[in-house]
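*Asks:* Model the full structure from these sequences, guided by the hints.
Protein chains in written order, with full-length UniProt numbering: chain A, 1 to 285; chain B, 1 to 250.
Careful: at least some of the hints might be erroneous.
Said to hold, decoys possible - Label pairs and their in silico Cβ distance ranges:
hint, chain 1, residue 1, chain 2, residue 2, range
1, A, Val256, B, Ala165, 28 to 38 Å
2, B, Ser137, A, Trp146, 55 to 65 Å
3, B, Pro225, A, Gly28, 15 to 25 Å
4, B, Arg179, A, Leu116, 40 to 50 Å
5, B, Gly124, A, Gly189, 22 to 32 Å
Said to hold, decoys possible - A few chain B residues that face chain A, going by a derived Cβ cut-off under 10 Å, partial list only:
hint, residue
6, Arg84
7, Pro95
8, Trp96
9, Gly134
Source of the hints: derived by calculation from the structure; they are not laboratory data. Positions of the beta carbon are idealized from the N, C-alpha and C atoms, including for glycine.
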Amino acid sequence: MSAEGSTLGGRITSSTPRTAQASSRPGGTRLVPRRLTPLGRLLGPLVLLALWELAAQTGLLSPKLLAAPSTALITGYDMLANGTLLPHWLASAWRAWWGLGIGVAAAVLLALASGLTRIGEASIDSLVQIKRAIPTLALIPLAILWLGIGETMKIALIAGSVFVPVYINTHAAIKGIDIRHVELARTLGLGKAVFIRRIVLPGALPGFFTGLRLSVTSCWASLVVLEQINTTQGIGYLMNRARDYGQTEIIVVGLVIYMVLGLASDAAVRAIERSTLRYRKVIGS
Amino acid sequence: MTMPSVSDSGLATDAAEGSVVLERVTRAFQGRRVLNEISLHIAAGEFVALLGMSGSGKSTLLRALAGLDEEVEGEGLIRVPTARSVLFQDSRLLPWESVLDNITLGLDGPDPAQAGRQALASVGLAGRESAWPGQLSGGEQQRVALARSLVRRPQLLLADEPFGALDALTRLKMHALLRALVGRLRPTVILVTHDVDEALALASRVLVLGNGRIADDFRLDLDHPRHSDDPRLVGYRQRLLITLGVTESA
Ligand SMILES: Nc1ncnc2c1ncn2[C@@H]1O[C@H](COP(=O)(O)OP(=O)(O)OP(=O)(O)O)[C@@H](O)[C@H]1O
Ligand SMILES: [Mg+2]
Numbered sequence: 001m002s003a004e005g006s007t008l009g010g011r012i013t014s015s016t017p018r019t020a021q022a023s024s025r026p027g028g029t030r031l032v033p034r035r036l037t038p039l040g041r042l043l044g045p046l047v048l049l050a051l052w053e054l055a056a057q058t059g060l061l062s063p064k065l066l067a068a069p070s071t072a073l074i075t076g077y078d079m080l081a082n083g084t085l086l087p088h089w090l091a092s093a094w095r096a097w098w099g100l101g102i103g104v105a106a107a108v109l110l111a112l113a114s115g116l117t118r119i120g121e122a123s124i125d126s127l128v129q130i131k132r133a134i135p136t137l138a139l140i141p142l143a144i145l146w147l148g149i150g151e152t153m154k155i156a157l158i159a160g161s162v163f164v165p166v167y168i169n170t171h172a173a174i175k176g177i178d179i180r181h182v183e184l185a186r187t188l189g190l191g192k193a194v195f196i197r198r199i200v201l202p203g204a205l206p207g208f209f210t211g212l213r214l215s216v217t218s219c220w221a222s223l224v225v226l227e228q229i230n231t232t233q234g235i236g237y238l239m240n241r242a243r244d245y246g247q248t249e250i251i252v253v254g255l256v257i258y259m260v261l262g263l264a265s266d267a268a269v270r271a272i273e274r275s276t277l278r279y280r281k282v283i284g285s
Numbered sequence: 001m002t003m004p005s006v007s008d009s010g011l012a013t014d015a016a017e018g019s020v021v022l023e024r025v026t027r028a029f030q031g032r033r034v035l036n037e038i039s040l041h042i043a044a045g046e047f048v049a050l051l052g053m054s055g056s057g058k059s060t061l062l063r064a065l066a067g068l069d070e071e072v073e074g075e076g077l078i079r080v081p082t083a084r085s086v087l088f089q090d091s092r093l094l095p096w097e098s099v100l101d102n103i104t105l106g107l108d109g110p111d112p113a114q115a116g117r118q119a120l121a122s123v124g125l126a127g128r129e130s131a132w133p134g135q136l137s138g139g140e141q142q143r144v145a146l147a148r149s150l151v152r153r154p155q156l157l158l159a160d161e162p163f164g165a166l167d168a169l170t171r172l173k174m175h176a177l178l179r180a181l182v183g184r185l186r187p188t189v190i191l192v193t194h195d196v197d198e199a200l201a202l203a204s205r206v207l208v209l210g211n212g213r214i215a216d217d218f219r220l221d222l223d224h225p226r227h228s229d230d231p232r233l234v235g236y237r238q239r240l241l242i243t244l245g246v247t248e249s250a
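*Replies:* Now the structure itself:
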């Protein structure tokens, strides 16, 4: 490839080339930033962690307010090693995953019903919009009256909080189906079942995954509050008890566990999403 | 003036033949008539090029024949074969299905996959069965769409500017491909185009829409391959340009 662009238009009078690009890929201005390496992504968190540790070591940050990351790390390791952490973790995971499973299944079924049928749209959609306006945790008092203070109530409330983002995004994706694909289906004489399976569902998948990614991180969050109620197991219980005893390092351990669980769930969904939506060539994917 | 929807006007089908019949077909948008009492008979096996200025109603007519205009006001009788395929200007491939699955979408028969592979080979894309549509060039995508149309053995092929988005060279190759395939399968073809030369290169009959009516209608009894400097073609081109309101002043 010639480094001189002077033949273009043939109107360049100067004998020196305007740009002497030696690159094999003359790209012009980069409008989309290059992809970050996984290490590059960690820059922000690492800086924060270092500042935090520094503040704790120099005494700027009292352990009564927040334990140092190193203290939390040691505490966490000890709890893991002596077996006190695992039962709490399992109890939380059990609640979160049941809630997630039930909430996602209900959301997908109702999104399909309201996205594909008129009666469904009329009866379901506005109810969900109303439900959306009410914070899930505000339903705790009612849920306790109806379902008691046991596991059912906790799982139901987690399912309720998971339900909304999955439903909203899946429903929007079904409603936003490309009219050109509907026409194609008609000219090909597709039946309703084939149309839903081959066109509607794959078209709604990206929306579903968006909702699912919001849900998998938030399903752990409700636990902090729910595990204050009638339980002696769970990460949330652990953190609340630590507050009573002023053990900030255990609170930090709990937060880190939520973070790890949230990020791991998000990464898992993203991996499934990538392999399911392989056909997409999206910037940044 | 109240006009019943097309379902009242009887989109009857004639499966026995590949012929197309229109009787006093009217279509209007917000009361403005785009097609005005069009009556037309197209015999089985004819290759009709439908010309007309932009906005003259070519797509409206084609969508009426394809049965895609339920919401449009109109009346009149339309008879088209049940076995019909539509080729759009965009390929309308499903991005999440492989090329082969796009071709065989909704296809029944003893061995859809085998039929799909043959159709893909017939448009010169053998071996690309498992590619995603997003991995194909625009011309290749349109060839897949052609394979998807023809694998259904349509008696009527309706095409709305199928090559409009392609470059000139690719378009010429597509013309040859379409002519070869149509020559083999012998469907009736209605091809909407605004390219006079495309019409003259392919069609056995040329229709021109203007002011909601058929403004011109003639047959081209010329053998293939046609040479654009054939004096008869030069005459037809002149005639079409005048009908279309374009005066050739080079
Ligand atoms: N859905 C619609 N609503 C309102 N008006 C419409 C609609 N579809 C088409 N029209 C009008 O009908 C007329 C004919 O449109 P049509 O698309 O059939 O033209 P065309 O001959 O295919 O033009 P082109 O060569 O630009 O594709 C135009 O004036 C257009 O504005
Ligand atoms: Mg058009």
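*Asks:* So, for every hint listed, does it hold in this structure?
*Replies:* Hint check results:
1. A:Val256 - B:Ala165: 28 to 38 Å: Given range 28 to 38 Å: violated, Cβ gap about 54 Å.
2. B:Ser137 - A:Trp146: 55 to 65 Å: With a Cβ separation near 60 Å, B:Ser137 and A:Trp146 satisfy 55 to 65 Å, so the hint holds.
3. B:Pro225 - A:Gly28: 15 to 25 Å: violated, 43 Å
4. B:Arg179 - A:Leu116: 40 to 50 Å: Hint holds: Cβ distance 42 Å, inside 40 to 50 Å.
5. B:Gly124 - A:Gly189: 22 to 32 Å: Since B:Gly124 and A:Gly189 have Cβ atoms about 27 Å apart, the given range 22 to 32 Å holds.
6. Arg84: With a closest approach of 8 Å, the B:Arg84 hint holds.
7. Pro95: Constraint on B:Pro95 satisfied, holds at 5 Å.
8. Trp96: holds, 4 Å
9. Gly134: With a closest approach of 6 Å, the B:Gly134 hint holds.
Hint violations for this structure: numbers 1 and 3, all remaining hints satisfied.
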